[in-house]
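Chains as they are written, first to last, in the numbering used here: chain A, 580 to 962; chain B, 580 to 962.
If you're looking for bench data, these hints aren't it; they were derived computationally from the structure. Treat the hints with care, since some could be wrong.
Which copy is meant is left open, because identical chains are indistinguishable; a pair holds if it fits in one copy or across any two.
Claimed, not checked - Straight line, CA to CA, 16 Å or less: simulated EDC-like cross-link-like pairs of lysine to aspartate or glutamate:
no.: 1; residue 1: Lys-898; residue 2: Asp-840
no.: 2; residue 1: Lys-654; residue 2: Asp-699
no.: 3; residue 1: Lys-910; residue 2: Asp-699
no.: 4; residue 1: Lys-883; residue 2: Glu-655
no.: 5; residue 1: Lys-654; residue 2: Asp-884
no.: 6; residue 1: Lys-588; residue 2: Glu-598
no.: 7; residue 1: Lys-787; residue 2: Asp-819
no.: 8; residue 1: Lys-910; residue 2: Asp-828
no.: 9; residue 1: Lys-877; residue 2: Glu-812
These numbers were taken from a predicted model, which means no experiment stands behind them.
2 protein chains.
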Amino acid sequence: MGSDRFLIKIREDRAKLGEFTTPHGIIKTPVFMNVATVGAIKGAVSFDDLEDIDTQVVLANTYHLHVRTGDALIKEMGGIRSFTSWKGPVLTDSGGFQVFSLKALRKINDEGVHFRSHIDGHRIFMGPEESIKIQSNLGSTIAMAFDECPSSKASREYVAESVGRTERWLLRCMNEMKRLNSLPDTVNNQQLLFGINQGAVYDDIRIKNAEFMADLELDGSAIGGLAVGESHEEMYHVLDVTIPHLRADRPVYLMGVGTPDNIVEAVYRGVDFFDCVYPSRNARHGQLYTHNGKLNLKNAVYAKDQRPIEEGCGCPACKRYSRAYIRHLLKANEMLGLRLCVTHNLYFYNHLMEEIRDALQNGDFGGFRRRFLDQYLSNGGVI
Amino acid sequence: MGSDRFLIKIREDRAKLGEFTTPHGIIKTPVFMNVATVGAIKGAVSFDDLEDIDTQVVLANTYHLHVRTGDALIKEMGGIRSFTSWKGPVLTDSGGFQVFSLKALRKINDEGVHFRSHIDGHRIFMGPEESIKIQSNLGSTIAMAFDECPSSKASREYVAESVGRTERWLLRCMNEMKRLNSLPDTVNNQQLLFGINQGAVYDDIRIKNAEFMADLELDGSAIGGLAVGESHEEMYHVLDVTIPHLRADRPVYLMGVGTPDNIVEAVYRGVDFFDCVYPSRNARHGQLYTHNGKLNLKNAVYAKDQRPIEEGCGCPACKRYSRAYIRHLLKANEMLGLRLCVTHNLYFYNHLMEEIRDALQNGDFGGFRRRFLDQYLSNGGVI
């Protein structure tokens with residue numbers, strides 16, 4: 580496992596251009612995964628739209644699909660890919676991050692987590708086996724191990740205890756996936772599993788956990804527990820310290836990160852997979868990404884601006900609509916405004932990855948990184 | 580005017596197949612106009628989507644565009660077509676219907692109406708000249724005369740007085756449009772004007788008003804004040820009584836109507852133009868149109884239904900997504916669900932008009948009408 584699935588075509592220092600082969604297609608890395616929480620992108624962006632903007636991978640949320648509609652029904656419908664009509668690879672998270680966010684409602688022990696549904700308050704128990712069972716029912720391409728994500732402010736003692744539990748859970752996840760992948764009625768018998776490195780900002784805990792994961796038969800290494808309150812410098816430090824201890828023949832997935840400059844900096848440090856809600860969440864507030872920084876379309880200065888969001892951008896929003904019109908839609912709370920903004924931002928993120936891959940292909944990622952960051956951050960990242 | 584613009588190609592009893600030539604393209608009639616209140620279809624349906632489903636005409640609301648963003652700004656942006664990027668014909672209503680719906684806020688006299696904005700409460704006055712000025716700023720293809728729409732329950736005395744005022748207003752609308760169309764900086768110097776027939780359910784008032792309009796230089800005849808509480812039979816009666824007194828060489832526009840069976844019955848009685856919010860409003864409640872009647876996708880019976888909304892339907896929603904998936908989106912309040920439902924319903928309405936035009940072309944509208952109504956109403960219109 581690992582080495583034959585992930586083909587590293589070009590290296591430039593720690594950055595890599597690769598191809599990750601899955602049962603549902605080859606993923607060109609570095610890659611951005613587009614968050615489709617309940618099996619749909621926020622802002623009414625359709626799967627036809629996603630195909631139009633050259634999206635490779637969709638990420639769906641295990642917790643949300645479990646508590647509403649339910650993974651059993653989705654299994655009956657042939658799994659999340661058949662249910663949603665998305666033909667490419669799908670990664671499901673473990674549900675852990677959502678469950679641990681329901682702070683008032685949860686009780687953790689070594690078995691797993693007791694909590695209440697945010698929809699109707701009913702009691703749910705989720706441990707490693709339950710999470711993997713749900714992800715197996717969803718039939719995603721890549722499942723994520725069930726982990727605890729401790730706060731970046733948690734004490735060293737708590738983090739050490741938590742990572743120990745996460746390691747025991749990882750072994751149980753692997754056993755359960757092996758069992759489910761061997762059953763005849765499993766949606767995707769070749770489901771892949773990524774482990775998740777934790778350890779908050781404690782270098783030695785991160786490294787010890789990375790070494791633990793390196794010895795296990797996993798398909799990829801995720802880095803969790805970042806972008807949860809620590810500074811960008813702390814995050815980059817964790818990447819610098821941890822990635823050399825992760826398996827070199829497996830892709831590295833930095834969970835929930837981040838801004839365009841975070842992504843470029845993380846690729847530079849060896850990250851291959853990304854996901855983030857920023858493109859859709861910021862679109863809701865009229866914040867649009869451009870190569871010159873972030874633009875707030877709600878500002879009055881754009882009321883009569885006939886230019887597209889970003890000149891030269893090839894996204895469906897920029898090819899047809901002006902800043903003035905989209906701003907008008909946002910001010911009128913018209914859903915089309917949100918859709919156009921989300922489409923632009925997702926296009927920006929997916930095409931940023933393409934620019935990164937092109938730069939790696941041309942042996943000039945170092946130059947690209949300098950030029951991109953100079954331009955993107957020239958106005959403090961805000962235009 | 581009128582006769583050379585509206586080419587009637589085929590007549591079958593009172594139903595007609597026609598072509599209405601406008602400065603922004605030829606409209607094949609009978610036609611359904613798609614309601615884009617603030618210059619966008621509800622449910623995040625884009626103008627690319629509208630083109631994909633063979634939409635001919637978009638309708639925008641004068642009142643809404645006046646109170647938010649403003650017609651002055653839209654004029655600066657080159658008018659509503661340039662602003663929204665919709666290349667085909669646009670009809671604007673007069674704003675009267677919305678203004679008269681703000682019951683608590685209005686005061687009517689012969690000059691016009693005083694009312695308050697529903698956005699910020701500021702005082703606005705709108706009379707015939709103001710309405711036409713706004714529509715001229717929007718630069719729509721077809722402007723509507725500013726009329727009063729009395730309740731279908733109003734007394735004969737009130738309706739007679741109201742229609743007298745609407746007739747005086749119509750003359751003022753015509754004068755103002757003539758003046759504005761001759762100015763050099765007008766967005767669309769060839770803006771067309773439709774008069775609006777009123778008279779509630781009083782045959783003689785309707786007829787007298789129709790005869791008044793027939794003598795004026797107008798581009799089309801609208802019938803207003805229907806679908807506001809009267810029965811379908813009363814509505815059909817008004818059409819039967821009124822249409823023979825409208826100008827035969829001008830298209831007839833039945834405002835705000837209606838259900839698919841209303842539309843077929845109204846074409847049968849001589850109507851050429853339609854608009855209605857049902858396709859988008861009902862989509863919001865999960866009510867989808869099919870040739871077998873209306874389907875409520877929120878019903879539990881569709882939870883595992885892998886069929887499209889309507890089998891054989893060529894709309895983008897039916898070509899890719901199942902009832903089960905769209906129902907899941909609606910239950911999760913995911914915007915994509917609404918978008919797919921609105922897309923299907925608008926496709927249904929626009930293609931119903933195409934089926935009607937095909938039947939007229941083939942000389943079998945009578946047969947089409949019987950078969951359509953039999954099938955559509957066979958389950959009481961609900962499946």
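Checking an output row: Lys-588 and Glu-598, CA cutoff 16 Å. Within, between, both or neither? Within one copy, since 7 Å is at most 16 Å while 61 Å is not.
Within, between, both or neither: Lys-898, Asp-840 at alpha-carbon 16 Å: neither (25 Å within a copy, 39 Å between copies)
Tell me, please, which holds for Lys-883 and Glu-655 at an alpha-carbon limit of 16 Å: within, between, both or neither? between (51 Å within a copy, 8 Å between copies)
When no copy is named, should Lys-654 and Asp-699 be tagged within, between, both, or neither for a Cα gap of at most 16 Å? Cα proximity of Lys-654 and Asp-699: none, with 22 Å in one copy and 50 Å across.
Lys-910 and Asp-828: within-copy, between-copy, both or neither at 16 Å Cα: neither (49 Å within a copy, 42 Å between copies)
Homomeric proximity label, Lys-877 with Glu-812: Cα distance no greater than 16 Å: neither (31 Å within a copy, 49 Å between copies)
Intra/inter-copy verdict for Lys-910 and Asp-699 if alpha-carbon distance must be at most 16 Å: Classified as between: cross-chain Cα gap 13 Å, same-chain 33 Å, threshold 16 Å.
Given identical chains, is Lys-787 near Asp-819, meaning Cα to Cα at most 16 Å, within a copy, between copies, both, or neither? So Lys-787 and Asp-819 pass the 16 Å test inside one copy only (15 Å; across, 85 Å).
Given a CA cutoff of 16 Å, do Lys-654 and Asp-884 count as a within-copy pair, a between-copy pair, both, or neither? between (48 Å within a copy, 13 Å between copies)
In the structure shown, a violation is registered for the earlier hints numbered 1, 2, 8, 9, in ascending order.
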